[in-house]
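A.B. asks: Residues per chain, in single letters:
2 protein chains.
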Amino acid sequence: MIIDPSPDLLARAAQVRRSAMALGQLDDGQRNQAVLAMADALEQNTENILAANQADLDAAAVEELAPALVARLKLDGPKLVGAIAGVRQVAELADPVGRRQLHTELDAGLLLERLTVPLGVLGVIFEARPDAVMQIASLAIRSGNGALLKGGREAMRSCAAIHAALRSGLAASAVNPDALELLTSREESLGLLKLDGLVDLIIPRGSNDLVRFIQDNTRIPVLGHADGICHLFVDRATDVQMALRVALDSKTQYPAACNAIETLLVDAVIADSFLPQAVLAFGAAGVELRGDAAAMALGVNQAASDEDWSTEYSDLILSVKVVPDLAAALDHIARYGSRHTDAICTRDAATADRFLAAVNSAGVYLNCSTRFADGFRYGFGAEVGISTQTMPPRGPVGLEGLVTYRYRLRGEGHIAADYASGVCQFSHRPLPL
Amino acid sequence: MIIDPSPDLLARAAQVRRSAMALGQLDDGQRNQAVLAMADALEQNTENILAANQADLDAAAVEELAPALVARLKLDGPKLVGAIAGVRQVAELADPVGRRQLHTELDAGLLLERLTVPLGVLGVIFEARPDAVMQIASLAIRSGNGALLKGGREAMRSCAAIHAALRSGLAASAVNPDALELLTSREESLGLLKLDGLVDLIIPRGSNDLVRFIQDNTRIPVLGHADGICHLFVDRATDVQMALRVALDSKTQYPAACNAIETLLVDAVIADSFLPQAVLAFGAAGVELRGDAAAMALGVNQAASDEDWSTEYSDLILSVKVVPDLAAALDHIARYGSRHTDAICTRDAATADRFLAAVNSAGVYLNCSTRFADGFRYGFGAEVGISTQTMPPRGPVGLEGLVTYRYRLRGEGHIAADYASGVCQFSHRPLPL
Chain Y
1 MIIDPSPDLL ARAAQVRRSA MALGQLDDGQ RNQAVLAMAD ALEQNTENIL
51 AANQADLDAA AVEELAPALV ARLKLDGPKL VGAIAGVRQV AELADPVGRR
101 QLHTELDAGL LLERLTVPLG VLGVIFEARP DAVMQIASLA IRSGNGALLK
151 GGREAMRSCA AIHAALRSGL AASAVNPDAL ELLTSREESL GLLKLDGLVD
201 LIIPRGSNDL VRFIQDNTRI PVLGHADGIC HLFVDRATDV QMALRVALDS
251 KTQYPAACNA IETLLVDAVI ADSFLPQAVL AFGAAGVELR GDAAAMALGV
301 NQAASDEDWS TEYSDLILSV KVVPDLAAAL DHIARYGSRH TDAICTRDAA
351 TADRFLAAVN SAGVYLNCST RFADGFRYGF GAEVGISTQT MPPRGPVGLE
401 GLVTYRYRLR GEGHIAADYA SGVCQFSHRP LPL
Chain G
1 MIIDPSPDLL ARAAQVRRSA MALGQLDDGQ RNQAVLAMAD ALEQNTENIL
51 AANQADLDAA AVEELAPALV ARLKLDGPKL VGAIAGVRQV AELADPVGRR
101 QLHTELDAGL LLERLTVPLG VLGVIFEARP DAVMQIASLA IRSGNGALLK
151 GGREAMRSCA AIHAALRSGL AASAVNPDAL ELLTSREESL GLLKLDGLVD
201 LIIPRGSNDL VRFIQDNTRI PVLGHADGIC HLFVDRATDV QMALRVALDS
251 KTQYPAACNA IETLLVDAVI ADSFLPQAVL AFGAAGVELR GDAAAMALGV
301 NQAASDEDWS TEYSDLILSV KVVPDLAAAL DHIARYGSRH TDAICTRDAA
351 TADRFLAAVN SAGVYLNCST RFADGFRYGF GAEVGISTQT MPPRGPVGLE
401 GLVTYRYRLR GEGHIAADYA SGVCQFSHRP LPL
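First to last, the protein sequences are chains Y and G.
Each step along the first sequence adds one to the number in this note's numbering, with nothing skipped, and position 321 is 321.
Each step along the second sequence adds one to the number in this note's numbering, with nothing skipped, and position 34 is 34.
Treat the hints as calculated values from the structure; they're not laboratory data.
Hints are not guaranteed to be accurate.
No copy is singled out in the list; a pair is fine if it fits within one copy or between any two copies.
Said to hold, decoys possible - Here are the simulated lysine to aspartate or glutamate pairs, DMTMM-like style, with alpha carbons at most 25 angstroms apart:
1) Lys79 / Asp418
2) Lys79 / Glu127
3) Lys79 / Glu47
4) Lys194 / Glu307
5) Lys74 / Asp28
6) Lys194 / Asp209
7) Lys74 / Asp209
8) Lys74 / Asp107
9) Lys194 / Glu92
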């Protein structure tokens, strides 16, 4: 299924890499100016971009694309104005590059620093949504990275017009426009997965299936998540009204989001007083409930199958299970969860602490909605993606997900033999950051 | 080549994971005590361990194992005493768990924290060196992680004796001894590579070939590096005596190390005055030089082939190339380097800054030996490995490589809809760490 990159793709990726290495050495002001120039160019090319999008929409109509896809594909005037404003906001984000994370005097005149640096080149694969191209391209340039951008086939004309505008913006900046390259074919998209050494991070923006396919078929690190199976556990020591509020918001505020809950776990001790009210409230909100036997005895009128516990509905459907206690809730989450975000409602401090310590997810929440799991809501100013991997970065990832670090050691002729022999000793004195 | 884990291996790995999850919730003092109990138990089992090692050595003699391997396999009394002291030092390391990296008030009563937590379960694959088992097991327990340990076949009796002692130590602690499991067969070692979801990080301790094989055959993150092709560039504006000192140390202080240089790049402007002296000094140190035409014209008496520039000799051999300028040196390093550690000797501040900014390696050094690239020398107190990946952790990795982080959000019934509607606003107020 995976194919080797063509010589043409290799050459273009190498060119992106060279441009990215130069970009990575520009200063904050230069990268900032480049992002603003991209925004200006998008503005100047509004007509072209909207016309290209209309052509994509016409083709979509002929091909009878699903309405949900058409909605994501559509880029009208106000949506483009909003996207351009988003690009300008990226310019205002604090510079993630050049931050000193560690500063140590190893010995007199031998100074160690750890500094953030750009990753290098991002590979970004989108489905539909041409506005995402503007967002991710501006985040890439802001953080000193080049990017290979691959849009969906249905958005090819829109992506080409946006890419041309972004390049013309970069041409009026210190950044080589070759730092942004657009891939257009499925072959290129598959070849991208094998560009180890030329691409440092792949960011998929699309369906769970797309993400899983990419994760399964590349050795390049992937920033993202396939499933988002989030849980809310309503503990016995819960304010029922608060729990209802949090449960409803966690499911219904935006059910298609990865941070919406798919399963509600209810402590058996409180099930009698909580579940009948929850059944009414979810029913009023148009949510279909699927329960285990105990939940059905308390008003849930559809049975959950085994498969339900590991299903991300992304819709107004919620599975409900009555569990005997906290330990059973923890077991269920460990078994079925996707380590995205899991929450508990309780007024018992010891129970809360146990839950927060034991659940091995990127986000563990107490008495609040899982919908807060988001880079903007966390205050990062931007979100590159949400990662459910164990290793950092995990959870909602802001610009810091697009940088790595480098150790810099400056000496005055220092050699290791002097320390091995005992002639010199390390001081390992921390210096101010 | 890769085989699925057997049901037995899956069950044992699941048991390690369960024990590790419990271990991860212990406090600093408990984990500390467990490491000290492991040291005590190793001491009490000195006789068993030395006898087991002798049995391994006897078998090695029968099988005519290479002398270098026998040297690494051998564990005599003083070496064991040293290893046990090393375990006690691990107990003294600062706790990497529970550090607050971020603390933000999202709104009144809605508090976000980012806290370090153990990774979970480590998979560690050793070649020979039974002493490494003690070191890595103590680092794992100290940082709250379980481990599946796979020693080399030639060290199987030593590893079994050490593992039994470590378990008996844990039995006298709050840690379930099942947190440490020993794998013994090649089938288990291959099955380990497919334990995604049960093992969070693989740490290979062995040859470049072993590391490359593992990197190529697992989807679990691998902490380590295959090649270590480090460079030293001697710029035109260099103090020749200092450059000679640094070059000699970088090659000869321990030539088998990954942070020793393999290639010396010499600025053509200084080659006349530097190279003839370098040829003498390296000759006196027993180093075989292999040069390009220009280097041979200045005294290097063996020609380098194309292959030399990408060879890690791990021996007293050094390739030498004369380059026209800094840009050519940067190109060479970008093409042949392994992004481990690369150094420049220069007195020109602008040249130094350009090199330090442009070289895309985990370590970039000015006027000092590449041999400083080491977790102990950096002051980390321990080294889990050296990573040449782009994403963090990279370079020498201390205990922080064995932890990740988790976001904790505590609210009082907060829901996202209130922020979407504008009823509430985020404050995003930084709080003290």
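A.B. asks: Give the relationship of Lys74 and Asp107 under a CA distance limit of 25 angstroms: within one copy only, between copies only, both, or neither.
C.D. replies: neither (60 angstroms within a copy, 35 angstroms between copies)
A.B. asks: When no copy is named, should Lys194 and Glu307 be tagged within, between, both, or neither for a Cα gap of at most 25 angstroms?
C.D. replies: Between copies, since 24 angstroms is at most 25 angstroms while 34 angstroms is not.
A.B. asks: Under a CA distance limit of 25 angstroms, which applies to Lys79 and Asp418: within one copy, between copies, both, or neither?
C.D. replies: Between copies, since 24 angstroms is at most 25 angstroms while 64 angstroms is not.
A.B. asks: If the cut is 25 angstroms between Cα atoms, do Lys194 and Glu92 qualify within a copy, between copies, both or neither?
C.D. replies: neither (34 angstroms within a copy, 44 angstroms between copies)
A.B. asks: Are the CA atoms of Lys194 and Asp209 at most 25 angstroms apart within a copy, between copies, both, or neither?
C.D. replies: Close inside one copy (19 angstroms) and across copies (21 angstroms); limit 25 angstroms.
A.B. asks: For the identical chains here, do Lys79 and Glu127 meet the 25 angstroms Cα criterion within one copy, between copies, both, or neither?
C.D. replies: Classified as within: same-chain Cα gap 17 angstroms, cross-chain 58 angstroms, threshold 25 angstroms.
A.B. asks: Check Lys79 against Glu47 for me: Cα-Cα at most 25 angstroms, and say if that holds within a copy, between copies, both or neither.
C.D. replies: Classified as within: same-chain Cα gap 13 angstroms, cross-chain 75 angstroms, threshold 25 angstroms.
A.B. asks: First find the shortest C-alpha distance between Lys74 and Asp209 inside one copy, then the shortest across copies, and answer within, between, both or neither for a cut-off of 25 angstroms.
C.D. replies: within (23 angstroms within a copy, 51 angstroms between copies)
A.B. asks: With identical chains, the pair Lys74 and Asp28 could be close in the same copy or across copies; at 25 angstroms between alpha carbons, which is it: within, between, both, or neither?
C.D. replies: Neither, since 34 angstroms and 54 angstroms both go past 25 angstroms.
Violated hints for the displayed structure, listed by number in ascending order: 5, 8, 9.
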